[in-house]
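Letter by letter, the chains look like this.
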Amino acid sequence: MTCIGSYLENSEEMLSDRFEVCILMKINENECQVVSSLSPKSSSQCFVEASLVEKRWMLFSFLELYRFGKRYLLFKTVDTSPLLLPPPSVAVAVAVADRSMSLSKMPVVDGERGPDASSFSLDSERTLYPYVTGTSVVAFKYRDGILMAADMGGSYGSTLRYKTVERIKPIGKHSLLGASGEISDFQEILRYLDELILYDNMWDDGNSLGPKEVHNYLTRVMYNRRNKFNPLWNSLVLGGVKNGQKYLGMVSMIGVNFEDNHVATGFGNHLARPILRDEWNENLSFEDGVKLLEKCMRVLLYRDRSAVNKLQIAKITEEGATLFPPYSLKTFWGFEAYKNPTVGAEGSW
Amino acid sequence: MAKQQANWSPYDNNGGSCVAIAGKDYCVIAADTRMSTGYSILTRDYSKISKLADKAVLASSGFQADIKALQKHLAARHLIYQHQHNKQMSCPAMAQLLSNTLYYKRFFPYYAFNVLGGLDNEGKGCVFTYDAVGSYERVGYGAQGSGSTLIMPFLDNQLKSPSPLLLPAQDAVTPLSELEAVELVRTVFVSATERDIYTGDKVEIVILNAEGLRREFMDLRKD
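The listed protein sequences derive, respectively, from chains Y and V. FYI, in my numbering the residues of the first sequence are 4 to 352. FYI, in my numbering the residues of the second sequence are 438 to 660.
Just so you know, the hints here were simulated from the structure itself, not pulled from any lab data. Be careful, since some hints might not be right.
[As the list claims (entries may be wrong)] Sample of chain Y residues at the chain V side, in silico, Cβ under 10 Å:
1. Arg129
2. Tyr195
3. Arg229
4. Asn230
5. Met253
6. Val254
7. Asn260
8. Asp263
9. His273
[What the hints assert, rightly or not] Derived lysine-lysine pairs resembling DSSO-like cross-links, with alpha carbons at most 30 Å apart:
10. Lys215/Y / Lys245/Y
11. Lys294/Y / Lys659/V
12. Lys524/V / Lys488/V
13. Lys509/V / Lys176/Y
14. Lys561/V / Lys597/V
15. Lys231/Y / Lys542/V
16. Lys488/V / Lys542/V
17. Lys215/Y / Lys509/V
18. Lys488/V / Lys298/Y
19. Lys313/Y / Lys333/Y
20. Lys172/Y / Lys313/Y
21. Lys639/V / Lys245/Y
22. Lys215/Y / Lys597/V
23. Lys509/V / Lys231/Y
24. Lys597/V / Lys488/V
25. Lys488/V / Lys231/Y
26. Lys245/Y / Lys597/V
27. Lys215/Y / Lys659/V
28. Lys440/V / Lys215/Y
29. Lys298/Y / Lys659/V
30. Lys215/Y / Lys561/V
31. Lys509/V / Lys440/V
32. Lys231/Y / Lys597/V
[What the hints assert, rightly or not] Listed below are several chain Y residues computed to face chain V (Cβ distance under 8 Å; list not exhaustive):
33. Leu131
34. Tyr132
35. Tyr134
36. Tyr226
37. Pro234
38. Ile257
39. Val259
40. Phe261
The model shown is predicted, which means the values in this text are computed figures rather than measured ones. Don't be surprised by glycine CBs; every beta carbon is placed ideally from N, CA and C.
Please build the complete structure, drawing on both the sequences and the hints.
Right under this line is the structure:
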């Protein structure tokens, strides 16, 4: 007779901090409710109690049951399925808090009632490729602070699906965050940062998180997600000024980070960075800085197919962040070669 | 539906070369400051050298995010050691710690190629070279990173290190003076820059001796 207790003894490595043990009570045919949950340390005790309730535990197999924000494995008896027991019957479930654990090695009982086991596969929750993406962000330090520019496009593959996506956001009092890559992951990052800034404000101690701290936090978040093989598919640009110190840094989706006087993501790295290496200097005025940014964004507009002609420029100085209203760049297409392109071969394209 | 394969890699090589040379009472640790990805340069001014303890300096090249995490980890462990033992970690102790830390992630390695340099308990220079999963060896000099294949043979030629197989064991530490060793490091990086695309911009040279730590910079070709 193999009971839950001994199963757990054999696989203590499963019962790490990732696991939480709950007692489920069946309410009706399709629903279970968590009655109480216990920490992993007291798990064996929990099973003893549960077995007293159930009176017997036979051989167990697993069934992925319901989601309560985490995934549960239902340990059930072979001969008496708690699902088949009339409510209110009690079963014990172990919650898998660690989403990266693959459960493909677990035996799955077929022919059981309940949702299909494979529809809860953890693998399907990991990011495989981005869907709605933003293109380059360009930023550099200037005399008074940081200037950052990004266009407002959100591409769905090769379709320019969204044309008013704000890819630069102020963070706290001292920073600006620009992102390229998956827009939904950017929104997730904004939620994390929101919480971070909220907690910082709640201290109410006159101190506030500066760009260096936010950059460090973002680096750790991105690196940790990469470690779990579920990256946030973004390249982030973090710029800000605090106590007169200008700071500009970048984090990639696998956690590579650095700071420099000028940064750019995606295509900007190839097209804009060379312009900046040539023409950037420490004491750019605001007007000169905007001209330089426009020069970079114009090149990107001409040469990056996912760029849209609607860009947003943002600046951050000691006084605070300013996001300017979006506008378009003037472009020139009046080249001789573009006029009458089919001359000499009428009917061709 | 066939299982989806990820089309991203958790690793990237951010390039660079690291060198360390051990002398009678000094140690020279050097690394270039270029950080690249693919064929692009991300920044020309990134330090790959990190001072872990008073007498132990680590130079790492490879995947920058892993290197940062590794250095943070070691710095944290060193702080704990200082709290527990009320002294700094010696270089051989740090060498063992680094090896264990790397092996801990044997099945998802830190993509970091390390050279640890410093002074041992007798004040003699010591250099330890590592692979990505922690196998290490005390040597008289070492080179790691993208330019290591270019640098190592040159160091073998110039420093004429005795074979580690000889009995009785001969001292691997170089008889060169400190200034000569620094000059050698400069030469080595200039040569590596010529032929390795990932090495260049600047070289940061750290010299550890009985007086303390000294840092020098030298410009390299930026192409």
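Outcome of the hint check:
1. The closest approach between the C-beta of Arg129/Y and any C-beta of chain V is roughly 8 Å, which is under the 10 Å cut-off, so the hint is satisfied.
2. Of the supplied interface hints, the one on Tyr195/Y is violated, with its beta-carbon coming no nearer than about 18 Å to a beta-carbon of chain V, more than 10 Å.
3. Taking 10 Å as the C-beta cut-off, the interface hint given for Arg229/Y holds, the closest approach to chain V being about 5 Å.
4. Interface restraint check: Asn230/Y against chain V, minimum CB-CB distance 8 Å, threshold 10 Å, status holds.
5. At its closest, the beta carbon of Met253/Y sits 8 Å from a beta carbon of chain V; the interface hint therefore holds under the 10 Å criterion.
6. Among the interface hints, the one on Val254/Y holds; its C-beta lies about 9 Å from the nearest C-beta in chain V, closer than the 10 Å criterion.
7. Proximity of Asn260/Y to chain V holds as hinted, the smallest CB-CB distance being about 7 Å (cut-off 10 Å).
8. Annotation: Asp263/Y was flagged as interfacial toward chain V, and the flag holds, the nearest CB pair being 4 Å apart, inside 10 Å.
9. Because the beta carbon of His273/Y sits about 6 Å from the nearest beta carbon in chain V, less than 10 Å, this interface hint is met.
10. Simply put, Lys215/Y and Lys245/Y have alpha-carbon atoms about 9 Å apart, close enough for the 30 Å limit, and the pair holds.
11. In summary, the hint linking Lys294/Y to Lys659/V is supported, as the alpha carbons are separated by about 27 Å, within the 30 Å threshold.
12. For the suggested pair Lys524/V and Lys488/V, the alpha carbons sit about 16 Å apart, so the restraint of at most 30 Å is met.
13. Only pairs whose Cα atoms come within 30 Å are accepted, and Lys509/V paired with Lys176/Y is accepted, the gap being roughly 28 Å.
14. For the hint pairing Lys561/V with Lys597/V, the CA-to-CA distance comes to about 18 Å; that is within 30 Å, so the pair holds.
15. For a cut-off of 30 Å, the pair hint linking Lys231/Y to Lys542/V stands: about 14 Å separates their Cα positions.
16. As the CA atoms of Lys488/V and Lys542/V are separated by approximately 22 Å, the hinted pair is consistent with the 30 Å bound.
17. Distance hint between Lys215/Y and Lys509/V is fulfilled; the C-alpha atoms sit about 16 Å from each other, no more than 30 Å.
18. Taking the CA atoms of Lys488/V and Lys298/Y, the gap is about 41 Å. The hint is violated against a cut of 30 Å.
19. Simply put, Lys313/Y and Lys333/Y have alpha-carbon atoms about 11 Å apart, close enough for the 30 Å limit, and the pair holds.
20. With a C-alpha separation of about 16 Å, the suggested pair Lys172/Y and Lys313/Y falls inside the 30 Å cut-off, and the hint holds.
21. Between the alpha carbons of Lys639/V and Lys245/Y the distance comes to roughly 29 Å, so the proposed pair stays at or under 30 Å and holds.
22. Restraint check for Lys215/Y and Lys597/V: not satisfied, since their Cα atoms lie roughly 46 Å apart, outside the 30 Å limit.
23. With a C-alpha separation of about 19 Å, the suggested pair Lys509/V and Lys231/Y falls inside the 30 Å cut-off, and the hint holds.
24. Between Lys597/V and Lys488/V the CA atoms are separated by roughly 28 Å; this keeps the pair inside 30 Å, and the hint holds.
25. At roughly 29 Å between alpha-carbon atoms, Lys488/V and Lys231/Y fall within 30 Å of each other, so this suggested pair holds.
26. As the CA atoms of Lys245/Y and Lys597/V are separated by approximately 52 Å, the hinted pair breaks the 30 Å bound.
27. Proposed proximity of Lys215/Y and Lys659/V is supported: the alpha carbons are some 28 Å apart, at most 30 Å.
28. Distance hint between Lys440/V and Lys215/Y is unfulfilled; the C-alpha atoms sit about 40 Å from each other, more than 30 Å.
29. At most 30 Å may separate the alpha-carbon atoms for a hinted pair to count; Lys298/Y and Lys659/V meet this at roughly 24 Å.
30. Straight-line distance between C-alpha atoms of Lys215/Y and Lys561/V comes to about 38 Å, which puts the hinted pair past the 30 Å bound.
31. At roughly 36 Å between alpha-carbon atoms, Lys509/V and Lys440/V are farther apart than 30 Å, so this suggested pair is violated.
32. The hinted pair formed by Lys231/Y and Lys597/V fails the criterion: a straight-line CA distance of about 46 Å is larger than 30 Å.
33. Evaluation of the Leu131/Y hint against chain V yields a held restraint, the C-beta minimum of about 5 Å falling below 8 Å.
34. At its closest, the beta carbon of Tyr132/Y sits 6 Å from a beta carbon of chain V; the interface hint therefore holds under the 8 Å criterion.
35. Annotation: interface hint on Tyr134/Y violated; nearest CB of chain V at approximately 13 Å, more than 8 Å.
36. With a cut of 8 Å, the hint placing Tyr226/Y at the interface with chain V holds, because the nearest CB-to-CB distance is about 5 Å.
37. Of the supplied interface hints, the one on Pro234/Y holds, with its beta-carbon coming within about 7 Å of a beta-carbon of chain V, less than 8 Å.
38. Taking 8 Å as the C-beta contact cut-off toward chain V, the hint placing Ile257/Y at the interface holds, the least distance being around 6 Å.
39. Because the closest C-beta pair between Val259/Y and chain V is about 5 Å apart, less than 8 Å, the hint holds.
40. This hint holds: Phe261/Y has a C-beta 5 Å from the nearest C-beta of chain V, less than the 8 Å allowed.
Consistency note: the structure conflicts with the earlier hints numbered 2, 18, 22, 26, 28, 30, 31, 32 and 35.
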